[in-house]
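Residue numbers (our numbering), protein chains in the order written: chain G, 1 to 264; chain X, 1 to 657.
I should point out that these hints are in silico values taken from the structure, not numbers from a laboratory.
Among the hints, a few may not be true.
[Claimed, not checked] Below 20 Å or equal to it, Euclidean Cα-Cα: the simulated SDA-like pairs (lysine to any residue) are: (1) G:Lys157 <-> X:Arg25; (2) X:Lys39 <-> G:Leu116; (3) G:Lys157 <-> X:Val23.
[Claimed, not checked] Examples of chain X residues toward chain G, derived with CB under 10 Å: (4) Gln34; (5) Gly106; (6) Arg303; (7) Thr315; (8) Gln348; (9) Ser350.
[Stated by the list, open to error] Computed beta-carbon distance windows for the label pairs: (10) G:Val109 <-> X:Ser14: 33 to 39 Å; (11) X:Trp545 <-> G:Gly159: 22 to 28 Å; (12) X:Asp148 <-> G:Asp128: 38 to 44 Å; (13) X:Ser146 <-> G:Gln207: 38 to 44 Å; (14) X:Gly413 <-> G:Val13: 53 to 59 Å; (15) G:Ala68 <-> X:Arg560: 42 to 48 Å; (16) G:Glu110 <-> X:Asp401: 56 to 62 Å; (17) G:Asp128 <-> X:Arg537: 36 to 42 Å; (18) G:Val109 <-> X:Asp183: 53 to 59 Å.
Computed from a predicted structure; not experimentally measured.
Even for Gly, the Cβ is constructed at its ideal location relative to N, Cα and C.
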Amino acid sequence: MARAQPPQQPPPVQRLLLRYAKRGRLRFASHRDFARAFERALRRAGLPMAYSSGFTPHPRISYANPAATGAESEAEYLELGLAQVTDPAVVRTELDQALPDGFDVLRVVERVAGPLAERLQASLWSVDLSAWPSPARLSAVERFEAAEQVWVSRLTKHGQRDFDARSAMVSWSWREADWQVVLRHQVPLVRPDDLVSALVQIEPSGQTPLPPRLLRLAQGPLLGRTVGDPLAPEDPPCESMTAAGAEYGIMRARSETQPAPLLG
Amino acid sequence: MTEPIDAGVPSLYSRLEPLLAQVTRPIQYVGGEQNSILKPWAAAEARWCLMYPDAYEVGQPNQGLAVLYEVLNQRDWILAERSFAVWPDLARLMRRHGLPQFTLEGHRPVRAFDFIGVSLSTELGYTNLLEALDLAGLPLRAADRSVDDPVVVVGGHVASNPEPMADFIDAAVLGDGEQAVLDLSAWLRQWKAAGRPGGRDGLLERFAASGQVYVPRFYSVSYAPAGPIVAVAPNRPGVPERVRKYVLDDLDDWPHPVRPLVPLAETVHERYSVEIFRGCTRGCRFCQAGMITRPVRERSLDRIGLLVERGLAATGLDEVGLLSLSSADHSEIAALTQELADRYEGSQVSLSLPSTRVDAFNLELAEQLSRNGRRTGLTFAPEGGSERMRRVINKNVSADDLIATVSAAFQAGWRQVKLYFMCGLPTETDDDVLAIADLASRVIEVGRRVSGRRDIGCTLSVGAFVPKPQTPFQWAAQADPQIVDHRLRLLRDAIRSDRRHGRAISLRYHDGRPGLIEGLLARGDRRVGQVVEAVWRDGGVFDGWSEHFSFERWADQAERVLARWGIDLDWFTTRPRDQGEVLPWDHLDVGLDQDWLWQDWQDALDSQVVGDCRWAGCSDCGVCPELATQIEIGPTGRHLIPLTVGSKPPAAVRSDG
Ligand code: SF4
Chain G
1 MARAQPPQQP PPVQRLLLRY AKRGRLRFAS HRDFARAFER ALRRAGLPMA
51 YSSGFTPHPR ISYANPAATG AESEAEYLEL GLAQVTDPAV VRTELDQALP
101 DGFDVLRVVE RVAGPLAERL QASLWSVDLS AWPSPARLSA VERFEAAEQV
151 WVSRLTKHGQ RDFDARSAMV SWSWREADWQ VVLRHQVPLV RPDDLVSALV
201 QIEPSGQTPL PPRLLRLAQG PLLGRTVGDP LAPEDPPCES MTAAGAEYGI
251 MRARSETQPA PLLG
Chain X
1 MTEPIDAGVP SLYSRLEPLL AQVTRPIQYV GGEQNSILKP WAAAEARWCL
51 MYPDAYEVGQ PNQGLAVLYE VLNQRDWILA ERSFAVWPDL ARLMRRHGLP
101 QFTLEGHRPV RAFDFIGVSL STELGYTNLL EALDLAGLPL RAADRSVDDP
151 VVVVGGHVAS NPEPMADFID AAVLGDGEQA VLDLSAWLRQ WKAAGRPGGR
201 DGLLERFAAS GQVYVPRFYS VSYAPAGPIV AVAPNRPGVP ERVRKYVLDD
251 LDDWPHPVRP LVPLAETVHE RYSVEIFRGC TRGCRFCQAG MITRPVRERS
301 LDRIGLLVER GLAATGLDEV GLLSLSSADH SEIAALTQEL ADRYEGSQVS
351 LSLPSTRVDA FNLELAEQLS RNGRRTGLTF APEGGSERMR RVINKNVSAD
401 DLIATVSAAF QAGWRQVKLY FMCGLPTETD DDVLAIADLA SRVIEVGRRV
451 SGRRDIGCTL SVGAFVPKPQ TPFQWAAQAD PQIVDHRLRL LRDAIRSDRR
501 HGRAISLRYH DGRPGLIEGL LARGDRRVGQ VVEAVWRDGG VFDGWSEHFS
551 FERWADQAER VLARWGIDLD WFTTRPRDQG EVLPWDHLDV GLDQDWLWQD
601 WQDALDSQVV GDCRWAGCSD CGVCPELATQ IEIGPTGRHL IPLTVGSKPP
651 AAVRSDG
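Here chain G stands alone, though its shape is the one from the complex:
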């Protein structure tokens, strides 16, 4: 008997885009942890997943630009292929229920044209610097902005790497002790913890025993100095969020029921 051909799977009939959050304790989940939990949740919810072909078929899910382990996020995105047309609202509730608390599905829409990854050009991060003395954090940020380049080093999968943290910063504002920064996604990716390393480098007195909490508030197309909505049906900035105008508090409070609106 010759080895059988792997079963061929038909292409998905529907593609959905999901926005989800990674909150509280589950900020300690790695991206792989999330992916496993998400695939199990799809099965438990009994959703009609589409699979890749081959001897070990995988559900058709594309993840884009996940936040690092330890960072919280209100703006993670993925694309999901289904084998039967399903109401996005149903997908949202079913999946949200099947996922553990802390992985929360905020919004599900039919895929708009173009790959998701291309629409995720920048992120709005909130960096909690409340443990820093106020003068230190203000001066550190000002000096960081004034610098042309600030090189920091981080251990990556491929060894120790250097990054110019300054080059990724598009705009910033203060929300009390939260430093809210728009970071351009570039290669290599500059992460918010690189910014923290840069601030410490500039202002060593700011070094705190524990690293500050990091929260991604928004992710999407870069519209000037602000971050747009990647799920918007069209590219024009019907909704966008400026760093200065983000309603961080409202967003958090609403998030368990409705996707956080992106305020303009």
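For chain G, the structure is supplied; the task is to place chain X with the ligand on it using the hints.
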């Protein structure tokens, strides 16, 4: 036993959280996994911290722990939470910030519980147990604990000789844990209700009086000047000479996890496991698990079907493990695998089972299991290279059987087989090990012939044999690691020089030295406990992990500590025992008749085989009469009802319908 803390046992999470940002894989410490159970503290009358002293990724998939979690939490008056070993990076931070060992459900301090129920399946977890008890803030020695401290009770395979841990544990339970944990809980409840008569000792005496709970502190051990044990005897009234193991009947009637916890962190097994039977009577002489879990008791086919259906729905897992010591021996395994494969045909659910059989039937099962197209490798375990060696270990399979089986497998389309062997077995010679190379050549030869292809491969995995207590080899001399390494080198050279087949054979083996330490701990007595403590004090933890294990540390501490009694590492490992020697575990009764066990050892030396009592008739091992139990096997003749797998299919709807 710390009643006063009550509802006031606070969660340590807020203190733990800032530390988590600084450690590797923090998710393993946050708890809150799907299907985990957090009960109110105040309402529980018996509170268990179930501990597996290894990393989460190894401990969480442990089936024994999952079963006890289910059994205990089913009772409304009992609460059970879990705790695992923390890696050194977090342990360091916890010590610096004064944070004690915690549970994952409530992040409660382990010291606040009534019981710390330790499940241990390998002796290499001993240093981790000491580390966890110390991080918990518990006095390391049982004798130093107060009435408010938890009772540390150990179960699992190593409980068949817990002597090296005797000074550090309060109690050990042999055999099946389900009834044992309920009994312990009930005795605790009575003792609390009666106003804790006799304090801590009063409770432990109640346990010991049952004859089924071993309290090491209530036994004294005396030694002869030359090293051997003179006697192990009770040192107070009401404590029996020997302690009997627990054995369950009617497995179908006992709880089995149907909503098992689904980890967020990655673990070694990501599957829903159903224990399809307990015990094994094949009688492999090296196998402690087989010897100490007799007799065989099966779950019925329809009950297994129900568990699989519910378990998948509750977890969203897509792999099912049909577990036991040798799953192909279930009396209805053919019907079971076929009917499960039918039920999940066309879904992404895959089935797997561990099997020790080397016959055509095994292949038939493998075909059923790979119907979805997933063909993981095919594995057989002849264990011994030569016919003679296999008779010594009572692994009754001929080379021709093996060749016929792999031939059928290659014909059926498999390209790779994996074969498991042991090295360092009693009576073994160089030739017995070299016979492994001959077998492997024949496998490749026949594979190429029947398949007409060149891409046939065979992986040989060879482990060093460690004699274990409560087996016929408990009297055997463990092979010196140098001999094991020498024979493995001979084997490697023989394969390399086989120009026709050598490239198709890959050989995997490990350094033989960790096996020597495992041997020391497996057949050790209370004196070895002091070696364990010395190693732990010297920084030894996670000994089951090669990057943490240090042979030199163990060897140095063993030499230093054991010199006091004029004995050494070799005395415990490479020295043969005679029939008259008092073994450290002789007072712990797993039901095996000591004379039968000795006779089985003599039979091994004579290359005499013993049949499986399920098919060849009772061989009088003593377990059934001694423990008033019996073999419980099918066939039941029942079947799985065809099923559209409920309204929430575990394997999502596929599009081609
Ligand atoms: S007593 Fe007999 S039937 Fe029972 S397990 Fe032993 S050999 Fe088998």
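To see whether the hints hold, each was checked on the structure:
The hinted pair formed by lysine 157 (chain G) and arginine 25 (chain X) meets the criterion: a straight-line CA distance of about 15 Å does not exceed 20 Å. In summary, the hint linking lysine 39 (chain X) to leucine 116 (chain G) is not supported, as the alpha carbons are separated by about 43 Å, beyond the 20 Å threshold. Distance restraint check for lysine 157 (chain G) and valine 23 (chain X): the Cα-Cα separation of roughly 16 Å lies within the 20 Å cut-off, and the hinted pair is therefore satisfied. Annotation: glutamine 34 (chain X) was flagged as interfacial toward chain G, and the flag holds, the nearest CB pair being 5 Å apart, inside 10 Å.
Evaluation of the glycine 106 (chain X) hint against chain G yields a violated restraint, the C-beta minimum of about 13 Å exceeding 10 Å. For arginine 303 (chain X), the interface hint is violated, the least distance from its beta-carbon to any beta-carbon of chain G being 23 Å, above 10 Å. Checking threonine 315 (chain X) against chain G by beta carbon gives a least distance of about 7 Å; that is within 10 Å, so the hint holds. Because the closest C-beta pair between glutamine 348 (chain X) and chain G is about 6 Å apart, less than 10 Å, the hint holds.
Annotation: interface hint on serine 350 (chain X) holds; nearest CB of chain G at approximately 9 Å, less than 10 Å. The beta-carbon spacing between valine 109 (chain G) and serine 14 (chain X), approximately 37 Å, falls within the hinted interval of 33 to 39 Å. Checking the proposed 22 to 28 Å range against tryptophan 545 (chain X) and glycine 159 (chain G) shows it holds: the Cβ atoms sit about 24 Å from each other. At about 40 Å, the CB distance of aspartate 148 (chain X) to aspartate 128 (chain G) agrees with the hint of 38 to 44 Å.
Look at serine 146 (chain X) against glutamine 207 (chain G): about 43 Å separates their beta carbons, and that is inside 38 to 44 Å. The beta-carbon spacing between glycine 413 (chain X) and valine 13 (chain G), approximately 33 Å, falls outside the hinted interval of 53 to 59 Å. As the Cβ distance of alanine 68 (chain G) to arginine 560 (chain X) is approximately 46 Å, the hint placing it in 42 to 48 Å holds. Taking 56 to 62 Å as the suggested C-beta distance range, the pair glutamate 110 (chain G) and aspartate 401 (chain X) conforms, at roughly 59 Å.
Roughly 41 Å separates the CB atoms of aspartate 128 (chain G) and arginine 537 (chain X), a value that falls within the hinted 36 to 42 Å. Roughly 57 Å separates the CB atoms of valine 109 (chain G) and aspartate 183 (chain X), a value that falls within the hinted 53 to 59 Å.
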